[in-house]
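Under our numbering, residue 108 is the last one in the sequence shown; the count climbs by one each step, no gaps.
Worth flagging that the hints you see were computed from the coordinates, not collected in a lab.
A hint or two may mislead.
As the list claims (entries may be wrong) - Restraint-style ranges between C-beta atoms, simulated for each label pair:
(1) R100 with D2: 39 to 45 Å
(2) R101 with L3: 23 to 29 Å
(3) L3 with S63: 49 to 55 Å
(4) K98 with A72: 23 to 29 Å
(5) L4 with R66: 27 to 33 Å
(6) P65 with D2: 51 to 57 Å
(7) E97 with N52: 23 to 29 Å
(8) R9 with D86: 28 to 34 Å
(9) L4 with P65: 48 to 54 Å
(10) P48 with E97: 34 to 40 Å
(11) R66 with R9: 45 to 51 Å
Think of the CB as a built atom: it goes at the ideal place given N, C-alpha and C, for glycine as much as any other residue.
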Amino acid sequence: MDLLLEQKRRELERDEEARREILGALRAAPAREAPGAVAWVYGSVTSPGGFNRYSDLDVAFESLPRDASLYALQSLLSAACGREVDVCFLHETRLEEKIRREGERWTV
């Protein structure tokens with residue numbers, strides 16, 4: 001039993017380390033393509049203990065510079081983070097209130 005608990009503890013530690021690294025990559029990536037953008041990161045990546053190796057990333061953009069493309073940003077973020085990233089415009093999602101309540105607001 002102790003072996004299983006230790007294995008689970010190590011797995012949680014790895015997931016938390018990966019979560020922090022991915023948040024760093026996620027924060028840095030849009031700065032090149034969309035400086036000044038306002039984004040909300042939400043979902044499991046914002047919750048310690050809720051993120052795992054199968055988790056995707058969720059980002060809702062409140063605003064983008066005029067020449068920035070949402071789809072180009074999605075591709076850029078996926079490449080930078082090494083996993084699937086779902087992107088949307090905050091005002092176009094039915095989850096807007098929940099994202100504002102539970103997400104993390106970033107200015108790029």
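* To do: Return the numbers of the hints above that this structure violates; sort them in rising order.
  => 2, 5, 10
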